[in-house]
Amino acid sequence: MSVTRELQRRLRAEQTQLHHFAGLDVSVKETSVCIVDDTGKFVREVKVASEPAALLAALRNPYHLKRIGLEAGPLSQSAPR
Numbered sequence: 000m001s002v003t004r005e006l007q008r009r010l011r012a013e014q015t016q017l018h019h020f021a022g023l024d025v026s027v028k029e030t031s032v033c034i035v036d037d038t039g040k041f042v043r044e045v046k047v048a049s050e051p052a053a054l055l056a057a058l059r060n061p062y063h064l065k066r067i068g069l070e071a072g073p074l075s076q077s078a079p080r
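Going by numbering that gives the first Met the number 0, the sequence shown opens with residue 0, and the numbers climb by one from there.
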């Protein structure tokens, strides 16, 4: 097996083992997004517009999201599902 293929195989194995978890705190104009890995380490913390495109962009790859937690307030019902 070539070195390149071996590195690709190892990278794929690592990516499938890493899981991320996201928390969303929704308000009218902005949503706070916090992403942690499966060890609890903060990976990303950002505020984005409370619009579907902005939320998808914040949650998109390279994260392998296992769960997404949503604040249980009255505004969270307006968040895209």
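Be careful, since some hints might not be right.
Claimed, not checked - With a straight-line cut-off of 16 Å between C-alpha atoms, the simulated EDC-like cross-links for lysine to aspartate or glutamate are:
no.: 1; residue 1: Lys-65; residue 2: Glu-29
no.: 2; residue 1: Lys-40; residue 2: Glu-70
no.: 3; residue 1: Lys-46; residue 2: Glu-70
no.: 4; residue 1: Lys-28; residue 2: Glu-5
no.: 5; residue 1: Lys-46; residue 2: Glu-29
no.: 6; residue 1: Lys-28; residue 2: Glu-50
None of these hints come from the bench; they were simulated from the model.
Cross-check of the supplied hints:
no.: 1; hint: Lys-65 <-> Glu-29; result: violated, 23 Å
no.: 2; hint: Lys-40 <-> Glu-70; result: violated, 20 Å
no.: 3; hint: Lys-46 <-> Glu-70; result: holds, 14 Å
no.: 4; hint: Lys-28 <-> Glu-5; result: violated, 46 Å
no.: 5; hint: Lys-46 <-> Glu-29; result: holds, 6 Å
no.: 6; hint: Lys-28 <-> Glu-50; result: holds, 8 Å
In the structure shown, a violation is registered for the earlier hints numbered 1, 2, 4, in ascending order.
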